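Line order of the protein sequences matches chains A and B. Here the first sequence is numbered in full-length UniProt numbering, starting from 1 and rising by one per residue. Here the second sequence is numbered in full-length UniProt numbering, starting from 1 and rising by one per residue.
FYI, nobody ran anything at the bench for these hints, they're computed from the structure. Values in this document were obtained by computation on a predicted structure and should not be read as measured data.
Chain A stretches covered by chain B per the calculated footprint, using a threshold of three residues with CB under 8 angstroms from any CB of chain B: (1) 75 to 82; (2) 285 to 298; (3) 344 to 350; (4) 391 to 405.
Cβ coordinates follow ideal geometry from the N, Cα and C atoms, glycine included.
Single-letter residue listing:
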Amino acid sequence: MAYSFPEEVLEYVFAFLSSHKDRNAVSLVCKSWYEIERWCRRRIFIGNCYAVSPQIVIRRFPEVRAVKIKGKPHFADFNLVPEGWGAYVYPWISAMVRSYPWLEEIKLKRMVVTDESLELLSKSFKNFKVLVLSSCEGFTTDGLASIAANCRNLRELDLRECEVEDLSGHWLSHFPDNFTSLVSLNMSCLGSEVSFSALERLVSRCPNLRTLRLNRAVPVEKLPNLLRRAPQLVEFGTGAYSAENQTDIFSNLVEAFSGCKHLKSLSGFWDVDPAYLPAMYYACTGITSLNLSNATVQSPDLVELIIQCPNLKCLWVLDYIEDAGLKALPSYCKDLQELRVFPSDPYGAEPNVSLTEQGLVTVSAGCPKLQSVLYFCRQMSNAALITIARNRPNLIRFRLCIIDPQAPDYLTLEPLDTGFGAIVEHCKELLRLSMSGLLTDRVFEYIGTHAKKLEMLSIAFAGDSDLGLHNVLSGCESLRKLEIMDCPFGDKALLANAAKLETMRSLWMSSCSVRRCPSSNVEVMDERGHPDSRPETCPVEKLYIYRTVAGPRVDKPNFVWTMDEDAVLRLS
Amino acid sequence: MERASAAYENDLNLKATELRLGLPGTDESSEKQSSRNYKRSSPEMDNSCQKDEQKCVPASKAQVVGWPPVRSYLKNVLHQKNDSDLSGMFVKVSMDGAPYLRKIDIKVYKNYPDLLKALENMFKCSIGVYSEREGCNGSDFSPTYEDKDGDWMLVGDVPWDMFITSCKRLRIMKGSEAKGLGCL
Numbered sequence: 001m002a003y004s005f006p007e008e009v010l011e012y013v014f015a016f017l018s019s020h021k022d023r024n025a026v027s028l029v030c031k032s033w034y035e036i037e038r039w040c041r042r043r044i045f046i047g048n049c050y051a052v053s054p055q056i057v058i059r060r061f062p063e064v065r066a067v068k069i070k071g072k073p074h075f076a077d078f079n080l081v082p083e084g085w086g087a088y089v090y091p092w093i094s095a096m097v098r099s100y101p102w103l104e105e106i107k108l109k110r111m112v113v114t115d116e117s118l119e120l121l122s123k124s125f126k127n128f129k130v131l132v133l134s135s136c137e138g139f140t141t142d143g144l145a146s147i148a149a150n151c152r153n154l155r156e157l158d159l160r161e162c163e164v165e166d167l168s169g170h171w172l173s174h175f176p177d178n179f180t181s182l183v184s185l186n187m188s189c190l191g192s193e194v195s196f197s198a199l200e201r202l203v204s205r206c207p208n209l210r211t212l213r214l215n216r217a218v219p220v221e222k223l224p225n226l227l228r229r230a231p232q233l234v235e236f237g238t239g240a241y242s243a244e245n246q247t248d249i250f251s252n253l254v255e256a257f258s259g260c261k262h263l264k265s266l267s268g269f270w271d272v273d274p275a276y277l278p279a280m281y282y283a284c285t286g287i288t289s290l291n292l293s294n295a296t297v298q299s300p301d302l303v304e305l306i307i308q309c310p311n312l313k314c315l316w317v318l319d320y321i322e323d324a325g326l327k328a329l330p331s332y333c334k335d336l337q338e339l340r341v342f343p344s345d346p347y348g349a350e351p352n353v354s355l356t357e358q359g360l361v362t363v364s365a366g367c368p369k370l371q372s373v374l375y376f377c378r379q380m381s382n383a384a385l386i387t388i389a390r391n392r393p394n395l396i397r398f399r400l401c402i403i404d405p406q407a408p409d410y411l412t413l414e415p416l417d418t419g420f421g422a423i424v425e426h427c428k429e430l431l432r433l434s435m436s437g438l439l440t441d442r443v444f445e446y447i448g449t450h451a452k453k454l455e456m457l458s459i460a461f462a463g464d465s466d467l468g469l470h471n472v473l474s475g476c477e478s479l480r481k482l483e484i485m486d487c488p489f490g491d492k493a494l495l496a497n498a499a500k501l502e503t504m505r506s507l508w509m510s511s512c513s514v515r516r517c518p519s520s521n522v523e524v525m526d527e528r529g530h531p532d533s534r535p536e537t538c539p540v541e542k543l544y545i546y547r548t549v550a551g552p553r554v555d556k557p558n559f560v561w562t563m564d565e566d567a568v569l570r571l572s
Numbered sequence: 001m002e003r004a005s006a007a008y009e010n011d012l013n014l015k016a017t018e019l020r021l022g023l024p025g026t027d028e029s030s031e032k033q034s035s036r037n038y039k040r041s042s043p044e045m046d047n048s049c050q051k052d053e054q055k056c057v058p059a060s061k062a063q064v065v066g067w068p069p070v071r072s073y074l075k076n077v078l079h080q081k082n083d084s085d086l087s088g089m090f091v092k093v094s095m096d097g098a099p100y101l102r103k104i105d106i107k108v109y110k111n112y113p114d115l116l117k118a119l120e121n122m123f124k125c126s127i128g129v130y131s132e133r134e135g136c137n138g139s140d141f142s143p144t145y146e147d148k149d150g151d152w153m154l155v156g157d158v159p160w161d162m163f164i165t166s167c168k169r170l171r172i173m174k175g176s177e178a179k180g181l182g183c184l
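Given the sequences, and given the hints that come with them, work out the whole structure.
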């Protein structure tokens, strides 16, 4: 390579590549590029903590400063992964403590994090700045106290929907008096009350604080004091948003919110008293993101608030908004990009609100930038889905949950195959799709034919035979994650597409008809006993297949079996 | 052991001579489809019912683990109350014919039956919610409430959580007057 650039120049060029895909592509060009790239990679993303081991990562990338790791499969969110399955972060932290003393960022999703891990990291990484834990569990507020006490340069502590054992709110008081570097604090998932004076002092002395998401235990009376101390806030989450009738609270809130001229995101809103919502109106003109998924108030109150936000891009709301409320969006929030409507009564037998497919159709017609949808409802029709698909070919994420499993088109009583078929046909950039309702093998034909950019597919109670799964595995070229529950898919499609599985991050199948598994990177979860100990005709409970270079897991619980080479021989 | 017998069966093609109940031409896989059971439930569901302390109304379909795909923290928002919660929600309660009003903390109750029982104890009367219960004859009372908009509503129409956030005061009306509010 007589004419190649000096290493320093290549390193400088590579520094402009932020996407992991680009970095990975660069490392495949030639051996010298591989070497240069691996020494200058600072940020690592590991989509499945069992796909690779800490040792392999450290050996290849010696100078990492930021790590993002994901653990359990997505269906763990819905209690489908048994307790004790795995995704422990401790081995990663102890390995990185030895090899990455200058590590600054750790972001984890669906992993088990212990107080021990938190204490170890807080004492070992001297320049530690960012800790983001999404949907994690296994730690207590004592672990948070270690972080607060020891991470002198901490900028972000972001706990998103974690299950934390809440021993007390005292952890917050462990931030030292000379600690001033905080930029982001999200404690919304915690239950206990923290010391308000400690919180106020913390907020006062951190001039760069831009994100503050409180927990439910912070009463609305305390908000004005906090907001006055942090008028520079960009993202704010309230606590419980109601109080005994005290008129001065309202006027204090109005004054405090008007002082916050940079707010872009609002959340919180537990126990909302609608009378207090207007206090925020002055802060709403700049709002781009509104999370009302805790707000149990009725449609007119919701709409009154939402229409104050002309720049709204992202709205999360409960189905109390109803079709009538969603009608307001095209007129007032034309820039809407993401809409999530959650069910207020997911287990009720009858609908408790008037939210139907019409609401979604209206928004799809009137909000031209809408690209990401998550919608829970109780009825759907092919006609509505076809209309939505034609209205919004720019959809990137479409997740529809019709609450009654296998609900047909409520107008024609037919399956919803043509409706979802229209979605994949028109929305050519679709990356993520979740389907529900009555679906036959037909819909998988459409998906295999059209959904060429689809990366993640979630299916439940759908299909008639292995042909359905086969169409997806053989047709969806970009598929990375596939999760299936309660579908009649068995061994045939898996066998026929074993090579495809190597190109995907993971496949999850629970309550299907799989009996034998095609490859060696397969975990079978069965709390009833070893798969071989039951009759051959009995399908496995749960199957999780993922590619890995790390070999079989060493931390398996007793209900997980990895299939061995014998399984492959038996099938042939 | 099982593996050996499987090989043995395949060689002899015992399947062809197997005695089964079923139409000729049908095979195992179609039988399995019909037995596919969507009504899986798990012990977890029963436990969570007790923990949540909500009324465990059995749904018309048995609940399936993992469906609908709702995060548990969302369920907590809607049904659980924070223990170290705010001060109670006291509302005035008037009863037709009673000389003075009372006040109760409606946050203390978990559902409508609890509330009505407490009111019955307080006023020493019997209160019917729906017209089906002993009818709305003259001796019975109907509970009504004033909501945020100032309208008088019949207690029991909206979900409990919605009720406690919108109820401003309660009035226990004499049965005859309450006829207009929905008693048939």
